[in-house]
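Asker: Using the sequences plus the hints, can you model the full thing?
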Amino acid sequence: MLHLVVCIKQVPDSREIRIDPKTNTLVRLGVPAIINYYDLHGLEEALRLKDEFGARVTVVSMGPPSAEKALRQCVSMGADEAVLVSDRAFAGADTLATSYVVALTIQKVEERWGTVDIVFCGKQTLDGDTGQVGPGVACRLDIDQLTYVEKLESLDLETREVTVHRHLEDGVERVKARLPVLITALAELNRPRRASLPGILRAARYQPIVWTTNDFPTIDRAKIGLRGSPTIVSKTWVPEPKQVQTEWLPSEDSAAAATALLDHLYSTDLPQKLGWA
Amino acid sequence: MADERFDAVVVGAGPAGSAAAYTMAKAGLKVALIERGEFPGAKNIFGGVIYRRQLEDLIPEFWKEAPLERTVVQQSMWVLGEESAVMLGHHNQRYKDPPNCWTGLRVKFDQWFAGKAEQAGAVPIYETVVTQILRDGERVVGVKTDRDDGELYADIVILADGVNSLLGKQLGIHHEWGPDEVSLAVKEVIALPRQTIQDRFNLEGDEGCTIEIVGQTCQMAGLGFLYTNQDTISLGVGVMVSDLKKARVKPYAVLDGLKQHPMIRKLIRGGEVKEYSGHLIPEGGFNSMPKLAGDGWMVVGDAAQMVNAVHREGTNLAVTSGRLAGETAIEAHKVGHFGVGALDAYTRKIRESIIHKDLKKYRGVHQLLGFGDSSLLFDKMPQALNDAIYNMLLVDGMPKKEKQKKVMRYFREAAGGNAELVRLGMKGWRAMNG
Ligand SMILES: Cc1cc2nc3c(=O)[nH]c(=O)nc-3n(C[C@H](O)[C@H](O)[C@H](O)COP(=O)(O)OP(=O)(O)OC[C@H]3O[C@@H](n4cnc5c(N)ncnc54)[C@H](O)[C@@H]3O)c2cc1C
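Those protein sequence lines, which keep their order, are chains A and B. Under this note's numbering, the first residue of the first sequence is numbered 3, with each subsequent residue one higher. Under this note's numbering, the first residue of the second sequence is numbered -13, with each subsequent residue one higher.
Just so you know, these hints were derived from the structure itself, not from any lab. Computed from a predicted structure; not experimentally measured. Treat the hints loosely; a few may be bogus.
[To be verified] Computed list of lysine-lysine pairs in DSS-like fashion (alpha-carbon distance at most 27 Å, straight line): (1) B:K16 / A:K71; (2) A:K71 / B:K130; (3) B:K94 / B:K16; (4) B:K102 / A:K71; (5) B:K50 / A:K71; (6) B:K29 / B:K236; (7) B:K245 / B:K94.
Answerer: Right under this line is the structure:
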């Protein structure tokens, strides 16, 4: 049976985020936690494959004990098993240390429930915004990575080939790859489902599996937590709104306004810069 | 459909529903608690004051763990004139030990209370709307929710879905509330530094105060309120819907008016409005209370119109009715009977409880509100009282005897003559004394 792993992270609800004007860091206190938006699209895609082909879906997350709630939500939507990797020693991890621990977790998931065919991650997190963890995990697992996926066109279980559309800056790339792969999901990929009532009931009683550093006997302690995180935030600031010069072009009606605007634009060097000329 | 069967399903995780779920789960019943909000309390509002007595019966010393705002040591009533106020209040340090009541915010309180039910074993089903009561003939056998495979079956369904109980209407125990049976309240939560609140209201530490406000509600039947929280102030006003309809006034316009009043604007100066919300309050009281139990169902709290509008007590009646329904369910579960005969014990318990006694005492109040036009009680009389006191205290060389006459004239003129004034006084007395 297909084995799909979905990586999720609990993040502060960005609709309610404030920035501390003194420290320029996110105020996390009292902000409700939600599942990182893009991760939910990864989960939904895994669940769709489960609906179509039958699959085991395992969700993994590294985070504080409170992330159990996020994992339960995944179970309510249809995930089979959920693993929380939680230990004080993991705290303060940057993307390098995080991808190390997540990769180890996926290896352990494989030992436990069989080889993994596809790993789903979100394109990036709402709080960190780097988009580095997915690729980092793929590297460590030594599998192909398909980032910025907006459509999963087909999966052929015979040939073990998956075809996806990657949304790039200058167009869409249609790629075929052989399993196992890691996919990072865009919001366009799908619309996450609402849990069914039986799903909610199962989740209410479900106890996520918790692994700590003790569950990873071979873990390299120099590579985890703050110690394993070479990233240094040297400075953070809130950009000042840019002051731009505004010119008013008064005119009678919209047609005259459009003409006046075009005339004015062509009197500057802007069209040249934009390659319109 | 979910394969699991429950002993009881509770619809609504307000104070009534959580009290019922907690009571039953603690006794080992298999309980599901369904709430439409993202989490309990997410969309709920009240003034609000939380009382010790009834909740303490359920969770002893709950105040040591519950998220409460301030311990109320001072309660006042302000009768507002246009630019004046007559103030009556009581401050007593004895209200701290044992505490009598606290100010609170539903977002935090409801979440905590439902959490207690969860810890006791109730299964939380949130972000889920119950859309239908499931019946087998006359008997209620479960509910249908808006989720896929959303039917849930249980021996008993407890309706705790609040004042606007759609399910009560489905059951046929409610009609659509008339505009004279509910008032519409709007409320703002205004942020101010903790210390500023303490200084402005003459409070120390966690002490809090409440102010009920009469008058200046645009000639409509209504009451304003101002309660102090830790670092916010709850300011709101509830107005009879029938009056709002007649006067074609928007409730927030009434609140805006209050915020401009010289007595109030100084108290909230510099504050930032953090939250604005509106909600119905049942005002029908005793006379509007529906049938409380039937074959496989009971109804509790606001859904049963259990609010004492005069003393702004609602949460405590909700908690008590929830507990009594829960206890009835436990007894019914023991004997395995869930019909009208078994569940009607709940109706009896309510009748013997303080809920029934208090609501009965004030059953005339609702009629009083409809007495003539509201402007008399809620505008002319308050203004007359202010004018009277103003003149009493004004040193202007008028002989005292003459002054007394003049003062009485204000009331007489407001009421529209001596006979009317006496009639109003008698009506008021009867309404407040059953
Ligand atoms: C402005 C205002 C001020 C007040 N001040 C005070 C005060 O100071 N002190 C006091 O004691 N009382 C006060 N009250 C009254 C008090 O708030 C209510 O009496 C009390 O909340 C009733 O509790 P309840 O559990 O019956 O209903 P509610 O608190 O209304 O709870 C009903 C719950 O059911 C949920 N629900 C409804 N329909 C469905 C459905 N179909 N499916 C799933 N869930 C559903 C709702 O989301 C809600 O959470 C005030 C009320 C208002 C409006």
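Asker: Return the numbers of the hints above that this structure violates; sort them in rising order.
Answerer: none
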